[in-house]
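Whole structure, please, built from the sequences with the hints as guidance.
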Amino acid sequence: MSKKIFTTAILSMFAVVAFAQQQMPMQQQQKKVTTDYSDEEIETFVEANLDVTKVQQEAKKESMNIIKKNDLDLDRFNEIVAIQQGQSDEEASKAEMKAFNAAAQEIMANNQKTQSKMVAALENHDISQEKYQKIMMAYQQDEDFRKKVDTVVQSKSQG
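Those letters in the sequence shown? Residues -20 to -1, 1 to 139, per mature numbering (1 follows the signal peptide of the UniProt record, and there is no 0), in order.
Just so you know, the hints here were simulated from the structure itself, not pulled from any lab data. From the three backbone atoms N, C-alpha and C, an ideal C-beta is built for every residue, glycine too. Please note that a few of the clues may not be correct.
To be verified - Restraint ranges, calculated between C-beta atoms of paired labels, are given here:
(1) Ser18 x Lys49: 42 to 52 Å
(2) Lys74 x Leu54: 14 to 24 Å
(3) Ser108 x Lys136: 13 to 23 Å
(4) Leu30 x Asn58: 24 to 34 Å
(5) Ala89 x Ser18: 32 to 42 Å
(6) Lys93 x Ser137: 27 to 37 Å
To be verified - SDA-like cross-link-like pairs, simulated, lysine to any residue; straight-line CA separation at most 20 Å:
(7) Lys12 x Met117
(8) Lys97 x Glu42
(9) Lys111 x Glu123
(10) Lys97 x Ile107
(11) Lys12 x Ile22
(12) Lys41 x Asp53
(13) Lys128 x Glu27
(14) Lys48 x Lys74
(15) Lys41 x Asn29
(16) Lys136 x Tyr17
(17) Lys12 x Phe125
(18) Lys34 x His105
(19) Lys93 x Ala83
(20) Lys41 x Ala83
(21) Lys74 x Ile46
(22) Lys136 x Arg126
(23) Lys40 x Gln95
(24) Lys128 x Tyr17
(25) Lys111 x Val132
(26) Lys41 x Asp55
(27) Lys78 x Ser43
(28) Lys74 x Ile63
(29) Lys127 x Asp19
(30) Lys34 x Asp106
(31) Lys97 x Glu86
(32) Lys34 x Ser108
(33) Lys128 x Glu21
(34) Lys34 x Asp130
(35) Lys40 x Asp53
This is the structure in structure tokens:
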């Protein structure tokens, strides 16, 4: 019983995060984004984003390894998530649930470390989380600003 509650709690957290991420763009579209960042601020953002992306990619690899280490593959892990959320009529064996719960716990712990590493990456580039998020929002919502940032990215990749 406690395993089911734990699993449900984990999945609820994932669902809340996913919901917040889905809702955020709609809320952000209602506000006019700031795009008047200096070339130096954009360059700092690009450098920080490269480091944040590396951290995220490493975390993804680690999560895949955690799932494999617990004798699951990604497809089955996702199927069990769907089962837990009531979106699948399939069933999971006790052994699969045990493996799933162990993997989910380890992934959650790893996600906390990843978050700390991402914050450290931003701090290493002297950019606040708030400014990083605002520039990212502008990048996602303003086509002209996105082109300007992409130009900086291209110059960095060629240089």
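Hint check results:
| no. | hint | result |
| --- | --- | --- |
| 1 | Ser18 x Lys49: 42 to 52 Å | holds (46 Å) |
| 2 | Lys74 x Leu54: 14 to 24 Å | holds (21 Å) |
| 3 | Ser108 x Lys136: 13 to 23 Å | holds (21 Å) |
| 4 | Leu30 x Asn58: 24 to 34 Å | holds (29 Å) |
| 5 | Ala89 x Ser18: 32 to 42 Å | holds (39 Å) |
| 6 | Lys93 x Ser137: 27 to 37 Å | holds (28 Å) |
| 7 | Lys12 x Met117 | holds (10 Å) |
| 8 | Lys97 x Glu42 | holds (14 Å) |
| 9 | Lys111 x Glu123 | holds (19 Å) |
| 10 | Lys97 x Ile107 | holds (14 Å) |
| 11 | Lys12 x Ile22 | holds (18 Å) |
| 12 | Lys41 x Asp53 | holds (13 Å) |
| 13 | Lys128 x Glu27 | holds (15 Å) |
| 14 | Lys48 x Lys74 | holds (17 Å) |
| 15 | Lys41 x Asn29 | holds (18 Å) |
| 16 | Lys136 x Tyr17 | holds (18 Å) |
| 17 | Lys12 x Phe125 | holds (13 Å) |
| 18 | Lys34 x His105 | holds (14 Å) |
| 19 | Lys93 x Ala83 | holds (15 Å) |
| 20 | Lys41 x Ala83 | holds (13 Å) |
| 21 | Lys74 x Ile46 | holds (19 Å) |
| 22 | Lys136 x Arg126 | holds (15 Å) |
| 23 | Lys40 x Gln95 | holds (13 Å) |
| 24 | Lys128 x Tyr17 | holds (10 Å) |
| 25 | Lys111 x Val132 | holds (18 Å) |
| 26 | Lys41 x Asp55 | holds (15 Å) |
| 27 | Lys78 x Ser43 | holds (17 Å) |
| 28 | Lys74 x Ile63 | holds (13 Å) |
| 29 | Lys127 x Asp19 | holds (13 Å) |
| 30 | Lys34 x Asp106 | holds (18 Å) |
| 31 | Lys97 x Glu86 | holds (17 Å) |
| 32 | Lys34 x Ser108 | holds (18 Å) |
| 33 | Lys128 x Glu21 | holds (12 Å) |
| 34 | Lys34 x Asp130 | holds (18 Å) |
| 35 | Lys40 x Asp53 | holds (14 Å) |
This entry satisfies every hint, going by the numbered hints stated previously.
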